[in-house]
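Asker: Sequence:
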Amino acid sequence: MKNALATIHDTYLERCDNSGLQKKTWRDTIAVAFPPDLGDGRTTRPSTRLAGEGGDLGCALLWIVQSALVRPFLSLIRLQADLTPDQTSLLSTFGQTDCGAMAHSEPKEAPVVLTTETVGFRLNGIKKYITAGSQADFILMSARGPGEEKVSRLLLLPVSALSAQEIIPLDLEALRTTSHGRLTLVDKTVPGHYLLPLTPPMVRKGLKLNGLVERSLIMEAVLAFMLYLNRRLGRQLSYAPADEATIKKLAGQQTEFTTAVICQARSGAQVCPQWVDLHTVSTGIESICNAAADLDPDTNTDLAKRINDLRFIRSLWG
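Numbering (this note's numbering), first residue to last: 10 to 327.
It should be emphasised that the hints constitute simulated quantities derived from the structure, not laboratory data. Only a predicted model underlies this, so the values are computations on that prediction, with no experimental measurement involved. In this text, a Cβ means the ideal position worked out from N, Cα and C, and glycines have one as well. Take these hints with a grain of salt, some might be off.
Claimed, not checked - Label pairs and their calculated CB-CB ranges: (1) P206 - I177: 46 to 54 Å; (2) P94 - E265: 39 to 47 Å; (3) S169 - T124: 21 to 29 Å; (4) S169 - E126: 15 to 23 Å; (5) T106 - L304: 30 to 38 Å; (6) G48 - A302: 36 to 44 Å; (7) R240 - S172: 43 to 51 Å.
Please build the complete structure, drawing on both the sequences and the hints.
Answerer: Here it is in structure tokens:
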């Protein structure tokens, strides 16, 4: 595992904006050393190690998507008694080291709508942000029926079945060690077995519970990444809330909260997420970014890019 983390750390710049190498790194290194599974009882989760030791927040977020969203849905789908032979065959196409994506976020004016055809289904709409994008081997995508206000169905789309005009690279100007994409579907026809046998309540409950786990894991990874950057910047960050002691305390609290959320979600109990103080974390991020303001990006290229990743995450919080 240490060798894998060293590889992740040392190839950071090489993997930026290199989709082919990103995919190879996931398949050959990350998924092998850190299988995307939250059920093994670990409290030091791979996402925190990827961020805190590998110094790669993008890969940490990719691992979180796999373990919190994609794999739990695949496990649920495989338990369904009414899987058709075609669906079983489709699921068997993708193994443990394949990279999955979750397509759920969509604009209000263009949600993905699924219409039943004589053979298969027709899809129209947009999914505006997909972690992994075209780097993924398959995409789990939520959809709704005509006139429905909420998502009600889940489809599995092999990325090989999507054209370059449908899965478009998305430049976030950050998190460049992982691909990102936008899905635009216009009268896209797909075979019937791409629609998975989950009821609307199962789809919505899974998205809600798994989403809470995902957000808790993200906060945990962000704090680990802050510790990594604190070490890189050294004495410039000896004051709260960007000092090592404060961040470690917050990280310990968030680990407890995240472990509780995972246990609640797996047991079927009501999920009651807790969070460390967001204002304190945001202030710490600002302090880290300010301490790095005078970095020469030409001589500190990797550190400047990593700081930019943290700044981007902070921007999402408003």
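Asker: Could you run down the list of hints and mark each one as holding or not?
Answerer: Okay, the hints, checked on the actual structure:
no., hint, in the structure
1, P206 - I177: 46 to 54 Å, "violated (30 Å)"
2, P94 - E265: 39 to 47 Å, "holds (45 Å)"
3, S169 - T124: 21 to 29 Å, "holds (23 Å)"
4, S169 - E126: 15 to 23 Å, "holds (21 Å)"
5, T106 - L304: 30 to 38 Å, "holds (36 Å)"
6, G48 - A302: 36 to 44 Å, "holds (42 Å)"
7, R240 - S172: 43 to 51 Å, "holds (44 Å)"
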